[in-house]
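Undergrad: So you can see what is in the structure, the chains are spelled out below.
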Amino acid sequence: GAVVSQHPSRVICKSGTSVKIECRSLDFQATTMFWYRQFPKKSLMLMATSNEGSKATYEQGVEKDKFLINHASLTLSTLTVTSAHPEDSSFYICSATRDAASYEQYFGPGTRLTVT
Amino acid sequence: DQQVKQNSPSLSVQEGRISILNCDYTNSMFDYFLWYKKYPAEGPTFLISISSIKDKNEDGRFTVFLNKSAKHLSLHIVPSQPGDSAVYFCAASREGTYKYIFGTGTRLKVLA
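Top to bottom, those sequences are chains A and B.
Just so we're aligned, residue 1302 is where the first sequence starts under this note's numbering, counting upward by one.
Just so we're aligned, residue 90 is where the second sequence starts under this note's numbering, counting upward by one.
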């Protein structure tokens, strides 16, 4: 199988601070990783696509300066929520693909962010 | 603009019966469709997929049907089991990209 992990699984932070979420592919090299956000009782909304060694591609309406994505290696991508506010509280999920031609994405378990 | 829609937010089915989850899409460029299952506070897990060149794909108790003319797909689970209780998302992908557009999900509850 293909395992994707996320750390932390849940985090509570104060308004104005920054939070980093890690996404790792444990047993495969991920050419592409995706970051999603899920609001309660809503769909998973794609935030950005990141390829190793290049800048992330953000979806319309997602603030690049607020949600910093770094894909430093083929097994690690990070999402940093900068100057977090309560409205950033959400469930953040990453996924990874094995190769660029693969439709199948393997999802991490998600990170619950609560901003107080 | 919700390009992938799951109009039933919830569904209850008796154990052993068939569960049918529906999904509609608006973009004719979508050429690959997937169903994911999600438990609370966990990431989605892949169930089954279908490409636009097929109209049916079967994997054990799970069958996905695709009606391209109606822009509609459905997931059939037979027989339904209590462990199938979860939120089911359909997702669509456009030709030339590997990004998913997810539906809003249907919460399935299988009653023992």
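Please keep in mind that the hints were generated in silico from the structure rather than gathered at the bench.
Certain hints may be false.
Unchecked claim - Cut-off 27 Å, straight-line C-alpha distance, at most; resulting in silico cross-link-like pairs (DSSO-like, lysine-lysine):
1. B:K160 with A:K1343
2. B:K145 with B:K198
3. A:K1342 with A:K1315
4. B:K126 with B:K188
5. B:K143 with A:K1342
6. B:K127 with B:K143
7. A:K1365 with B:K145
8. B:K127 with B:K188
9. A:K1342 with B:K127
10. B:K188 with A:K1321
11. A:K1343 with B:K188
12. B:K94 with B:K145
13. A:K1342 with B:K94
14. A:K1343 with B:K94
15. A:K1367 with A:K1321
16. B:K198 with B:K160
17. B:K94 with B:K188
18. A:K1321 with B:K143
19. B:K143 with A:K1356
20. A:K1367 with A:K1315
21. B:K160 with B:K143
22. B:K188 with A:K1365
23. B:K198 with B:K94
24. A:K1365 with B:K160
25. A:K1321 with B:K160
26. B:K188 with A:K1367
27. B:K126 with A:K1342
28. A:K1342 with B:K160
29. B:K160 with B:K94
30. A:K1356 with A:K1367
31. A:K1367 with A:K1343
32. A:K1356 with B:K188
33. B:K143 with B:K157
34. B:K157 with A:K1343
35. B:K127 with B:K157
36. A:K1342 with A:K1356
37. A:K1342 with A:K1321
Undergrad: If a hint holds in the structure, say so; if it doesn't, say that too.
TA: Here's how the hints hold up against the structure:
1. Distance restraint check for K160 (chain B) and K1343 (chain A): the Cα-Cα separation of roughly 22 Å lies within the 27 Å cut-off, and the hinted pair is therefore satisfied.
2. Proposed proximity of K145 (chain B) and K198 (chain B) is supported: the alpha carbons are some 24 Å apart, at most 27 Å.
3. Distance hint between K1342 (chain A) and K1315 (chain A) is fulfilled; the C-alpha atoms sit about 24 Å from each other, no more than 27 Å.
4. This hinted pair checks out: K126 (chain B) and K188 (chain B) have alpha carbons roughly 18 Å apart, not beyond 27 Å.
5. Using a Cα cut-off of 27 Å, the hinted pair K143 (chain B) and K1342 (chain A) is violated, with the two alpha carbons roughly 31 Å apart.
6. A hinted pair counts as satisfied when its Cα atoms are at most 27 Å apart, and K127 (chain B) with K143 (chain B) qualifies at roughly 25 Å.
7. The hinted pair formed by K1365 (chain A) and K145 (chain B) fails the criterion: a straight-line CA distance of about 40 Å is larger than 27 Å.
8. With a C-alpha separation of about 18 Å, the suggested pairing of K127 (chain B) with K188 (chain B) holds against the 27 Å cut-off.
9. At roughly 12 Å between alpha-carbon atoms, K1342 (chain A) and K127 (chain B) fall within 27 Å of each other, so this suggested pair holds.
10. Restraint check for K188 (chain B) and K1321 (chain A): satisfied, since their Cα atoms lie roughly 23 Å apart, inside the 27 Å limit.
11. With a CA separation close to 18 Å, the supplied pair K1343 (chain A) and K188 (chain B) stays within the 27 Å bound.
12. Restraint check: the Cα-Cα separation between K94 (chain B) and K145 (chain B) comes to about 20 Å, which is no more than 27 Å; the hinted pair holds.
13. Between K1342 (chain A) and K94 (chain B) the CA atoms are separated by roughly 14 Å; this keeps the pair inside 27 Å, and the hint holds.
14. A threshold of 27 Å between alpha carbons decides the hint, and for K1343 (chain A) with K94 (chain B) the separation of about 11 Å falls inside it, so the pair holds.
15. Between K1367 (chain A) and K1321 (chain A), the direct Cα distance comes to roughly 12 Å. Compliance with the 27 Å bound is thereby established for this hinted pair.
16. A distance of roughly 26 Å separates the Cα atoms of K198 (chain B) and K160 (chain B); the hinted pair therefore holds under the 27 Å criterion.
17. The suggested pairing of K94 (chain B) with K188 (chain B) holds, with an alpha-carbon distance near 16 Å, which does not exceed 27 Å.
18. Pair hint K1321 (chain A) plus K143 (chain B) does not hold up; C-alpha atoms about 42 Å apart against a cutoff of 27 Å.
19. Pair hint K143 (chain B) plus K1356 (chain A) does not hold up; C-alpha atoms about 36 Å apart against a cutoff of 27 Å.
20. The straight-line distance between the Cα atoms of K1367 (chain A) and K1315 (chain A) is roughly 16 Å, inside the 27 Å bound, and the hint therefore holds.
21. Taking the CA atoms of K160 (chain B) and K143 (chain B), the gap is near 13 Å; set against the 27 Å cutoff, the hint holds.
22. Between K188 (chain B) and K1365 (chain A) the alpha-carbon distance is near 18 Å, which keeps this suggested pair within the 27 Å criterion.
23. For the proposed pair K198 (chain B) and K94 (chain B), the alpha carbon gap of about 19 Å is at most 27 Å, so the pair holds.
24. For the given pair, K1365 (chain A) sits about 33 Å from K160 (chain B) by alpha-carbon distance, which is inconsistent with the 27 Å threshold.
25. Restraint check for K1321 (chain A) and K160 (chain B): not satisfied, since their Cα atoms lie roughly 39 Å apart, outside the 27 Å limit.
26. Simply put, K188 (chain B) and K1367 (chain A) have alpha-carbon atoms about 22 Å apart, close enough for the 27 Å limit, and the pair holds.
27. Between K126 (chain B) and K1342 (chain A) the alpha-carbon distance is near 14 Å, which keeps this suggested pair within the 27 Å criterion.
28. Note on K1342 (chain A) and K160 (chain B): the hinted pairing holds, with a Cα-Cα distance of about 24 Å set against a maximum of 27 Å.
29. Distance hint between K160 (chain B) and K94 (chain B) is fulfilled; the C-alpha atoms sit about 11 Å from each other, no more than 27 Å.
30. Distance hint between K1356 (chain A) and K1367 (chain A) is fulfilled; the C-alpha atoms sit about 15 Å from each other, no more than 27 Å.
31. Restraint check for K1367 (chain A) and K1343 (chain A): the C-alpha separation of about 22 Å stays at or below 27 Å, so the hint holds.
32. A C-alpha spacing of about 16 Å is found between K1356 (chain A) and K188 (chain B), which places the hinted pair at or below 27 Å, so the restraint holds.
33. Straight-line distance between C-alpha atoms of K143 (chain B) and K157 (chain B) comes to about 9 Å, which keeps the hinted pair within the 27 Å bound.
34. Using a Cα cut-off of 27 Å, the hinted pair K157 (chain B) and K1343 (chain A) holds, with the two alpha carbons roughly 25 Å apart.
35. In summary, the hint linking K127 (chain B) to K157 (chain B) is supported, as the alpha carbons are separated by about 26 Å, within the 27 Å threshold.
36. The hinted pair formed by K1342 (chain A) and K1356 (chain A) fails the criterion: a straight-line CA distance of about 31 Å is larger than 27 Å.
37. With a C-alpha separation of about 24 Å, the suggested pair K1342 (chain A) and K1321 (chain A) falls inside the 27 Å cut-off, and the hint holds.
Hint check: violations occur at hints 5, 7, 18, 19, 24, 25 and 36; the rest are consistent with the structure.
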